[in-house]
Amino acid sequence: MKMSGAEITIKLLERQGVRTIAGIPGGANLPLYDALGQSGNIKHILTRHEQGAGFIAQGMARVTGKPAVFFATSGPGATNTLTAIADAKLDSIPIICITGQVPLSMIGTDAFQEVDTYGLSVPITKHNFLVRSAEDLLKVIPDAFRIAASGRPGPVVIDVPKDVQMAMVEFDQWPEPGVPDATPELFHGEIEHAASMINRAEKPILYLGGGVIQSDSASQALAVAEKGAIPSVMTLMGLGTIPTGHPLNLGMLGMHAARYTNLALEECDLLIAVGVRFDDRATGKVSEFCPNAKIIHMDIDPSELDKIKTAHASVRGDVADVLKALLPHIERQSRTEWNSRIEALKAAHPMIVPGADDPTSPYGVILKAAELVGDQAIVCTDVGQHQMRTAQVYPFTQPRHWLTSGGLGTMGFGMPAALGAALAAPDKPVICFSGDGSIMMNIQDLATAMEYDIPVKIILTNNNALGLVRQQQDLFYGKRYVASDYCKCVDFMKIADGFGIRTFDLGNCEDPEGTLAQALAEPGPALIHVPISPDEPVYPMVAPGAANSQMIGGENHV
Amino acid sequence: MCKQTVIELSVNNHPGVMSHICGLFARRAYNVEGIACMPVNGGGTSKIWLLVDADDRLDQMIKQVDKLEDVLIVERYDSGHPVFAKMAEFVQ
Ligand SMILES: Cc1ncc(C[n+]2csc(CCOP(=O)(O)OP(=O)(O)O)c2C)c(N)n1
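From first to last, the protein sequence lines are chains A and B. All the letters of the first sequence, read from the start, carry residue numbers 2 to 559 under our numbering. All the letters of the second sequence, read from the start, carry residue numbers 2 to 93 under our numbering.
If you're looking for bench data, these hints aren't it; they were derived computationally from the structure. For glycine and all other residues, C-beta sits at the position ideal for the given N, C-alpha and C. Heads up, a few of these hints could be off.
Ranges between beta-carbon positions, derived for each pair [as the list claims (entries may be wrong)]:
#1 B:F91 x A:F172: 22 to 32 Å
#2 B:S20 x A:K44: 30 to 40 Å
#3 B:V41 x A:P124: 20 to 30 Å
#4 A:H247 x B:G44: 53 to 63 Å
#5 B:Q5 x A:K44: 36 to 46 Å
#6 B:V75 x A:E177: 27 to 37 Å
#7 B:S20 x A:D270: 54 to 64 Å
#8 A:W175 x B:G17: 20 to 30 Å
#9 A:G554 x B:R28: 28 to 38 Å
#10 A:P124 x B:R77: 20 to 30 Å
#11 A:P124 x B:Q5: 54 to 64 Å
#12 B:G44 x A:F172: 41 to 51 Å
#13 A:D173 x B:E9: 50 to 60 Å
#14 A:G499 x B:G44: 19 to 29 Å
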């Protein structure tokens, strides 16, 4: 066979099963685009900003668990991708960014649109490549898919100089598509030791994170929880592991957890940490996190073990393998005393949800939308109060239906991630909760939603402010609202309208519930505008750096 | 004086590997006191020796280095390595 580097790349992507690529062309990746145009199998989504393309890829990868690909040109195209790549690194999401680069001979000359994409992406990728010959693509592309999806998943960048894209290569056969490496072998001693600690514990809590979602082991986690009657908390990334409403579900822990959740952690004698990394938003002040507990830490990434908290027992392995191996060793127990203590904590310190019955209130709109879209819906958010509210009250029932920027907390994530989710799961409703600050960061991709008629429903709670920042100023900076209130209002209805998106306003309507239902039933994309007050805090809240036991607000005044 | 350790790495040999390794240490504000690097077996791989202070973050650093795709083997020499003894002669 004789083909150009660009043709080889596209063919290899097809062989990996890639069917959708988002991106933007430019001089340095035009050969790749030309080859893409010849492919009958891959659909291209032309975004309006490369960051949006990165988040579309993330949306696809988070929903399917498989690596998703996006394209950018050299220089400004490549620099525009960096936030989406860093976001994927912190949340362990397998995406592959393929950038064009100036020709090899011009690298290092400050050529037009030259930037050191390799150097820029070193600290924010799991691995990266600068491809030096077209032959190398035959190894690099499958390798990128293997690396992105193996062990702890993560983003990979492949920088391809333009002359490498154009060079012709003769080769005999296609390489095998890249697949994840086999999961590491377990040490049975570690499993048995962990099991005996769990069986002996009187007040254990399961602490479940994104690793459980990534390894597709939510059902195993639930089985362990049920067999041992172990109450379970989830990180922001772990939501969906244990269904809402399950008696053992204690919801999200940490900065915006319900009071009973953090109080239960204060009392536990064994914390079973599964696929988590002890992020400070989850733990609060680490030295005071779970003060009475021994810790078992299970993770595929050995560098997470003992990184923040030294565990009394660690289990290295793919969380799915670990939980499977663990289950037979877990004694069936009812732990009546501990679970009734938890019930008492729940009753005494419940989650207070103001306006739960009002579909025009910040919490009420989330609950009403959830009721209307049903439990198959995929839920995305941007970053801010709306995100934390959704995490607190949305009735999650299954994994991979909750997409949020956890580790990096990137405003602008939600809407393009929702587009990716809708592309990957066309049979499921997709809703995105956003704020007026966040949506601005990638608002241009409303045009992408319109152009490809991608049926996402954006629920915009508009407080005309950077709500979560303002809340911190309210609590910790003497109510000095510097740079967090907008002085004038943007008309989001007109803007969305200008992008060709249907709009619905819950602010000025007789029947907000009916309007919401109508909007969610729209066939194409729609923006639902919900004007709210900037003075509605998200409670409870733990001050940054404080212990989780020091929660502000959300008390039960009876 | 702080106790020093030598980490010996076998790595793929291509431009960029050194920046992955040095960047990892720099990002975590962990100083590398000495570096030596030579190609092995015709240059497909290289050996890198890093002389570092053995503080309590070292185990974490080694785990992070071990995760790098281009790093094939990591070995630790807590009682030093002759490569730096020889190099020391050049900087007296
Ligand atoms: C790209 C980016 N810049 C700044 C921040 C800091 N930040 C966190 S929340 C927030 C305010 C979000 O406001 P909005 O999207 O309107 O949501 P709300 O809190 O009002 O619901 C800001 C500025 C961030 N997370 N991401």
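Query - Violations among the numbered hints, reported as their numbers in ascending order - result: 1, 5, 7, 11, 12, 13, 14
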